[in-house]
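Trainee: Chains G and Y are the protein sequences, given in the same order. In this note's numbering, each number is its position in the first sequence, counted from 1, plus 101. In this note's numbering, each number is its position in the second sequence, counted from 1, plus 1321.
Please keep in mind that the hints were generated in silico from the structure rather than gathered at the bench. Wrong hints could be hidden among the right ones.
[Stated by the list, open to error] Taking CB as the label site, the calculated pair distances span:
| id | chain 1 | residue 1 | chain 2 | residue 2 | range |
| --- | --- | --- | --- | --- | --- |
| 1 | G | E157 | Y | D1661 | 21 to 29 Å |
| 2 | G | N141 | Y | E1347 | 18 to 26 Å |
| 3 | Y | K1442 | G | I315 | 36 to 44 Å |
| 4 | Y | E1377 | G | I315 | 51 to 59 Å |
| 5 | G | A159 | Y | W1600 | 34 to 42 Å |
| 6 | Y | D1598 | G | A210 | 44 to 52 Å |
| 7 | Y | W1600 | G | A137 | 39 to 47 Å |
| 8 | Y | E1347 | G | I315 | 33 to 41 Å |
| 9 | Y | A1588 | G | N141 | 50 to 58 Å |
| 10 | G | P275 | Y | D1620 | 45 to 53 Å |
| 11 | G | P427 | Y | A1654 | 47 to 55 Å |
[Unchecked claim] Going by beta-carbon spacing under 7 Å, a handful of chain G positions derived as facing chain Y:
| id | residue |
| --- | --- |
| 12 | F143 |
| 13 | N322 |
| 14 | G334 |
| 15 | S336 |
| 16 | A374 |
| 17 | V383 |
| 18 | E418 |
For each residue, glycine too, the CB sits at the ideal point set by N, CA and C.
Read off the chains here:
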Amino acid sequence: MIRLEKRPNPSRAVGMMTPVLAVLLTMVAGGILFAALGKNPFVAIKTIFYDPILGEFAFYYRGQLLVKGGPLILIAIGLSLGFRAGIWNIGAEGQYIIGAICGAGVGLAFYPADFWFIFPLMVMAGAAGGFLWAMIPAILKTRFNTNEILVSLLLVYVAEQLLASMSLGLLRNPDGAGFPGSRNLRQYEAAANNELIAGTGMHWGVAAAFVAVILAYILLNRHMLGFQIRLTGESPRAARFGGVKPNLLVVFCLGTSGALAGLAGLFEVAGPAGQISIDFNVGYGFTAIIVAFLGRLHPAGILLAGLLMALTYIGGEAAQATLGLPAAAIQAFQGMLLFFLLAVDVLTNYRIRWAKLETA
Amino acid sequence: MKRRNVLAGAALAMSLGGAALAGSHEPVKVGFIYVGPVGDGGWTYEHNQGRLAVEEHFGDAVETVFQESVPEGADAERALTQMALQGADLIFTTSFGYMDPTINVAAKFPDVKFEHATGYKRADNVSTYSARFYEGRAVQGHIAGKMTKTNKVGYIASFPIPEVIRGINAAYIHAKKVNPDIEFSIIWAYTWFDPAKEADAANALIEQGADVILQHTDSTAPQAAAQGVDGVITFGQASDMSEYAPLPRVSSIIDNWAPYYIARTQAVIDGTWASVDTWDGIGPGMVEIGEISDAVPADVKAEAEAMRDAIAAGGYHPFTGPLKKQDGSDWLAEGEVADDGTLAGMNFYVEGLTATIPN
């Protein structure tokens, strides 16, 4: 019989190191997996972790790391605020979709006009869309005490239906011969979120992600609200005595994470994706949850975790194409990362006790 | 802003193009981008069979690479760029949603040839190709109309794009011809490949009384769902799915991409590749009708095979008037045959279908 016993004083240093340890364990276990599939594990690990950064085609991949990591970081920063306070927004994917629809909708409404304010207006619409979509679980929670996990998650599927409806109806490209999908915003200069410096992958969304990292750091460390968020997460009772208004905190955390997810959606639809289509969303909102925890809910950690997650995607794709690894093996590899992180976390806070079976 | 982008774009194109040139090599490298896993048993499986046929045909003269389960969007663009950077000479993108990514990447790699399946945008180095699946749907519709006892046909559709709508119309017209009481229930799955959703759709349709299930999605899940139910028949989609024969699977539409992929690879080797729009059907062998099983009465089987042969020989077109649109307006006069332009952009149901196209 195995029992878990809480460690009285879990080591802080080990706590900081767990993500690194998890990555190393993932490399080892992943290597065994790749070897079992008949591929050279060292070549596979090198293809995933080394080649995108320093390999032959790194000039292209480095930019792609930002393209893939940007939305993950932006969403994860927002989620981490709520997660610290014990407010669980699981529906960032839905807020991401709604942000994209609202932002793209504003842009397309002006087509083909060429005003400087179109793109800024789209950015505002994207943030507002995500914010309002997140207000549904927030208000239901503060008014009726519903569970924000369920409400926000289920609203993802509602958002997906809306997305399909928009691609087929209201936002469909009138010149598209009846095929679903909106006009390509990248071909509409006034609404395009193009690379700020060509070839670098750096677009407004990546810039916004970096700004969000800095602002979140300031908020958590230098601001009363940040203190209240941390206090609520660590000791809800103390927080209440300390004058924290729980409802306000719910609205703030869900609203901020919704707005950031909406922004990520807008920057994606106006940039890398280019158009509203039925398959526009590819799971950034869910992957960002992993990123938030991998980064220890700390802004700097999330920055690194987002880039690491992007690396496993891009390196994983490269491994598929060059080594013939199946897509499922790459997904299993990414899954291992979360699994090992959680496992190492548990062992940091608990120790295993081998106990004889006893009657209670 | 505009000028800076143009200049920067040119610089990028030069650096990318240079990399592609530096990678010039023997053998010819052919890449494939798949929307599902190669083991889906349907659409992607058949494209992969085509890839394997290319490997077998050319041996060491050709090297193939592929990437499966590539999402349709920004990720596709990266997967394509990656293949082009690594020296692919010819890349097949095998799903509708890869259209814009294919065009974008092709503009950056003018020396690489691209082939996009089921789309409508071409460029000097981008061809399009598709198959006239609706010819097979006509044969299915005939068998469905004859075989159903409940007069209810369930149709699992993927996305409301012209290709899928064409299939629904072709099947309905030919079912109605032999069974005036026929009704079609259509469920939109909004996915090409999701076994769980497809199975749910099949079960829902069967519960509503459908005893024929047609699918325009890629997995075998609807076949498996129908297997346990008495009197329900299905048709294999994209691939033969013969492991479900003789019941519930009574026939199938098989996509045979191998001859096309071999011909296009040969054209690249010979230096004769040019941008074309190919749309082939049963006649040239791009669409095949899978073995009609013994669960189908001999006379129905003979009629279905006769229709198949007539379509192949060019003597019969599945969209031959008189036909009206769903709203009752005239579409094709007596004996008139639909033109390819209308078919390619088909966004309406024919008269008699009661559902509406979602939007």
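Trainee: If a hint holds in the structure, say so; if it does not, say that too.
Mentor: Taking the hints in turn, this is what the structure says about them:
{"no.": "1", "hint": "G:E157 / Y:D1661: 21 to 29 Å", "in the structure": "violated (44 Å)"}
{"no.": "2", "hint": "G:N141 / Y:E1347: 18 to 26 Å", "in the structure": "holds (24 Å)"}
{"no.": "3", "hint": "Y:K1442 / G:I315: 36 to 44 Å", "in the structure": "holds (41 Å)"}
{"no.": "4", "hint": "Y:E1377 / G:I315: 51 to 59 Å", "in the structure": "holds (57 Å)"}
{"no.": "5", "hint": "G:A159 / Y:W1600: 34 to 42 Å", "in the structure": "holds (41 Å)"}
{"no.": "6", "hint": "Y:D1598 / G:A210: 44 to 52 Å", "in the structure": "violated (34 Å)"}
{"no.": "7", "hint": "Y:W1600 / G:A137: 39 to 47 Å", "in the structure": "holds (44 Å)"}
{"no.": "8", "hint": "Y:E1347 / G:I315: 33 to 41 Å", "in the structure": "violated (51 Å)"}
{"no.": "9", "hint": "Y:A1588 / G:N141: 50 to 58 Å", "in the structure": "violated (35 Å)"}
{"no.": "10", "hint": "G:P275 / Y:D1620: 45 to 53 Å", "in the structure": "holds (48 Å)"}
{"no.": "11", "hint": "G:P427 / Y:A1654: 47 to 55 Å", "in the structure": "holds (52 Å)"}
{"no.": "12", "hint": "F143", "in the structure": "violated (20 Å)"}
{"no.": "13", "hint": "N322", "in the structure": "violated (34 Å)"}
{"no.": "14", "hint": "G334", "in the structure": "violated (34 Å)"}
{"no.": "15", "hint": "S336", "in the structure": "violated (42 Å)"}
{"no.": "16", "hint": "A374", "in the structure": "holds (5 Å)"}
{"no.": "17", "hint": "V383", "in the structure": "holds (5 Å)"}
{"no.": "18", "hint": "E418", "in the structure": "holds (6 Å)"}
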